[in-house]
Amino acid sequence: MERIQEIIPKAAPAAAPQESPAGPARNAFEITGLNVWYGQKHAVQEVSINVPERTITAIIGPSGCGKSTFLRCLNRMHELVPKSRMDGSIRFYGQDLYAPQIDPAVIRRRIGMVFQKSNPFPTMSIAENVTVGLRLNGIRNRAFLRDRMEQSLRMAALWDEVKDDLGKPGVSLSGGQQQRLCIARAIATQPEVLLMDEPASALDPIATMKVEELIHQLSRDYTIVIVTHNMQQASRVSDKTAFFYMGRLVEFSDTDLLFTRPREKQTEDYISGRFG
Amino acid sequence: MTFSATNHGMRKALSVCVSACTFLCACLVLAPLGLVFVNLVQMGARSLNLAFFTNLPAGPGVAGGGMANAIAGTLILIGLASVIGIPAGVMGGVFLSEFGSSRVNWFIRFLCDILNGVPSIIWGIVINGLVVVPGVIIAGHVIIPKGFSAYAGGLALGCLMIPLVMRTTEEVLVLVPHGYREAALALGIARWRTTVHIVMQTAARGILTGILLALARVAGETAPLLFTALGDNFWNNDLTKPIAALPLQIFTYANSAYPDWHRQAWAGALVLVAFIFTLNISVRFLTRGKPVRV
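These protein sequence lines are chains A and B, in that order. Residue numbers for the first sequence follow the numbering used here, beginning at 1 and rising by one. Residue numbers for the second sequence follow the numbering used here, beginning at 277 and rising by one.
No lab work stands behind these hints: they were computed from the structure. Warning: the hint list may mix true and false statements.
[What the hints assert, rightly or not] Ranges of calculated distance between the beta carbons of each label pair, as one might list FRET restraints:
| no. | chain 1 | residue 1 | chain 2 | residue 2 | range |
| --- | --- | --- | --- | --- | --- |
| 1 | B | 377 | A | 260 | 24 to 30 angstroms |
| 2 | B | 303 | A | 63 | 50 to 56 angstroms |
| 3 | A | 95 | B | 454 | 26 to 32 angstroms |
None of these values were measured; they are calculated from a predicted model. Glycine included, every Cβ here is placed at the ideal spot set by N, Cα and C.
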């Protein structure tokens, strides 16, 4: 942990959102010429994009357009897929994420992830699920874990619903609650970035609304990159939107702009529902 | 295809018929088990008394005596086998499920399945040749002296356990959904901690079940012990010396010419079966709760 903080300049403390200046935002990610292959399949092609910190960046596009793959490159999760290969550069606050001395586990502590399918650990209680990332990274202090657990559950807007059932299994919650539990688990390690891979696509409209509200809340403290195939969701929650098609980045601009005055014909066709 | 009433009657009759057939087949499978059990209890229960569990074997033709040393010997051998078989088997299973490349795994799995099919007496002969005859001497230190010993017996049973435990461990680990591994790794949890605390913990019941079933299997093995542990008629605290075991004692007594020993063999068989039965029942209890969520 210490090692990486020497290498990567730590972002401004995430807990002080009101102090964040209105001036030009720093870039959390600077991605240039990113290419990813799975075996023969060229899943992401020549993508270059800058993700400013403390904003919500949405990535939209039809299924199989490479948006999830792109997201997984940002915390090196795509490396877990056998036969995957990438080139290009991803800089996180200026530091090359793929530099040989970087431990992917350390990267993933700073860049958290929430998955499409909620996946609380079935052997653990609600409380244990939230603190697992801390406990399995060697933190034993009970009072600290307890505080962080409550704080994370409050941030995930789940505390009031589960505060009397903290010892119950995480999988006993409803689908929407499980997803918020997973968000609490991801923010308990206090990452600087949250990557969300279609976090609401398996939820009903009310649970979706809660998760979207939560994403909006979190964006004060976190840089969020969210993959979604729901364009309304992208337009509701995000500041910036990137449209991917067939592995390529077609257009990337402010969300308002992209949905009202798209520059590219393909973007216009997609957002107006002509394909995808 | 019609939905007329006659058709319905026909289908119902056929359904009853086939159901009855399958039920009969099930009974046919269960019947031998029931017969063995009834027979064992009938023949064994008469000789089963406190002395059987506390006394040493009596001399040939002398009434009384028990199998206390053989019961203890079997427990010791199972203990030794566990020390070898459980860590090696579980770790092997973890490797197959979590770490190995598919080509290497295919090869290991293939070898494992061959090993599972090897007659258990082969293990007795192999350990006899590798351990009993030469002894185990590493860099001048005698680890296991030459000759029959509890160590050799435990080693033979342990080797028998490894492929069994390995395959069941692998099978339950691959049932753990991939999403849990991803979730843990995405939290920045190291790979080995993910494997131990997330994947193995999720499959803990299944792994334990596999271990217990393997133990139940080796507890009843006679053949691998014939050329390794050999058997003994007295208490033995020295693991470098031959040691008694229930299956061996049953084998010896059942082959003898004395009716009293025959009765004791039956009692021994009953105790052995009861022990294995208990292990299997505890497996049922362990697996009764919630299964691995897939």
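How the hints compare with the structure:
1. B/377 - A/260: 24 to 30 angstroms: violated (50 angstroms)
2. B/303 - A/63: 50 to 56 angstroms: holds (53 angstroms)
3. A/95 - B/454: 26 to 32 angstroms: At roughly 29 angstroms between Cβ atoms, residue 454 of chain B and residue 95 of chain A fall inside 26 to 32 angstroms, so the hint holds.
Checked against the numbered hints listed earlier, the structure breaks hint 1 alone; every other hint is satisfied.
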